[in-house]
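Number of protein chains: 2
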Amino acid sequence: MNVSSKPERTRLSAEDWELAALQLIAEQGVGALAVEALARQLGVTKGSFYWHFRTREALLNAALERWEQYGEREIISQIEQIADPRKRLPELFRRVAHELQPHRVYAALLKALDHPQVVPVMARVSQRRMEFLTTAYREAGLAPPQALNRARLTYAAYVGFLQLNFTLGLPRINHEEFDAYVEHMIATLIPA
Amino acid sequence: MNVSSKPERTRLSAEDWELAALQLIAEQGVGALAVEALARQLGVTKGSFYWHFRTREALLNAALERWEQYGEREIISQIEQIADPRKRLPELFRRVAHELQPHRVYAALLKALDHPQVVPVMARVSQRRMEFLTTAYREAGLAPPQALNRARLTYAAYVGFLQLNFTLGLPRINHEEFDAYVEHMIATLIPA
DNA sequence: GACAATCCATACTCTTCCGTATGGTTGATT
DNA sequence: AATCAACCATACGGAAGAGTATGGATTGTC
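Each protein sequence line maps, in turn, to chains A and B. Each residue of the first sequence is one higher than the one before, counting from 2 in our numbering. Each residue of the second sequence is one higher than the one before, counting from 2 in our numbering.
It is possible that some hints are incorrect.
[Stated by the list, open to error] Okay, the calculated bits of chain A under chain B, using three or more residues with CB under 8 Å as the criterion:
(1) 40 to 46
(2) 57 to 67
[Stated by the list, open to error] Anything over 10 Å on all C-beta distances counts as not near chain A; from chain B, calculated:
(3) Ala15
(4) Gly30
(5) Arg57
(6) Glu69
(7) Gln70
(8) Ile76
(9) Asp115
(10) Pro146
(11) Gln147
(12) Arg151
(13) Ala158
(14) Leu169
(15) Ala193
What the hints contain is simulated information worked out from the structure, not anything from laboratory work. If you're wondering where the values come from, they're calculated on a predicted model, not measured in any experiment. Here a beta-carbon is modelled for each residue, glycine too, at the ideal position from N, C-alpha and C.
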């Protein structure tokens, strides 16, 4: 039951700080990552923090590294297990669409691309995903140049959707409408 | 010739501060908008600033309002003058693609969606553009629900592209490749 | 149960940046 | 030429947050 934030009176590890940092980033952005605020939230003081980390930067880097490592393993491997290549992309779209929770950190980091620490991480992650999409489109029948551009378009649409919808709260699309939108995306972007 | 920043030894107006603020936002983001930094850049001190504006917030609001007013008039009116509705969207795509400069502020504000002052501005601007796109798609022959979803998809792709390319510097797409990408977008998103 | 190593609290310093107070300078007006 | 408003410089006060110093508490280990 120790998921929340109040009364966990055990001692903390570096991992605890990293996880709390990621959660805070997801909720309030990288700019809100202040050590005293985090300490309050964890029920300790700065004294604890500076035992585990040399600096605030170090925490950010550690948290980003953790996120990059354990962030996307599951979905990609799940999709790769689908036998028919033509069924992979629709399944990917639908699955991503209904797991918007793990994308919160990505959306937050997208808004923090002025911080030099996050740029390389985001570049690597985005690059990997783009490559995954590109090969998926090739396997779905597109010629290589088409596949690359379609992957660019798809990934841009994904990123833009994140920004427009749970960062900005645009026209608060509801569930049915959202499902229809996803199907529209599938019909428009994926070759028949 | 007084475009740059060094030796303009006339007195400043509120407008000067607003324009400088927008430029700084475009280059370094909303977070970098500090009054002393701006003052240095303009060759004056804070004393000047606090004569023109009551607070830093006031400057940000004024700058945002100015941007919202004079930001997008031209392109929309130009597009609306095109007679054949089916030629409007391709032209819009190509024109937007080759004027990425005015989109710098929009991209910067996209990353500042945690600041409560920018959210309403961005919501209004994005909403207007979305509506423009939606009617354009209807005029190009799509049924209303399809048109709305296609507009969502298109605008998300636009926003995502901004983030991925001149905020993050993803795979540094070159000119030819970029033109090909734009044509791919047109072929994929606009009904024939 | 002593004794390290680990973990944390308290109390500082230092920097940055917003905002204020106040007086000086410049320019237009008469 | 005098005057008044517009504009700016200088010197503060104060809050917030990073980082340091140091000692106290807790935990495992012999």
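Checked hints:
no. : hint     : result
1   : 40 to 46 : violated (count 0)
2   : 57 to 67 : violated (count 0)
3   : Ala15    : holds, 26 Å
4   : Gly30    : violated, 5 Å
5   : Arg57    : holds, 16 Å
6   : Glu69    : holds, 14 Å
7   : Gln70    : holds, 20 Å
8   : Ile76    : holds, 19 Å
9   : Asp115   : violated, 5 Å
10  : Pro146   : violated, 7 Å
11  : Gln147   : violated, 7 Å
12  : Arg151   : violated, 7 Å
13  : Ala158   : violated, 4 Å
14  : Leu169   : violated, 5 Å
15  : Ala193   : holds, 13 Å
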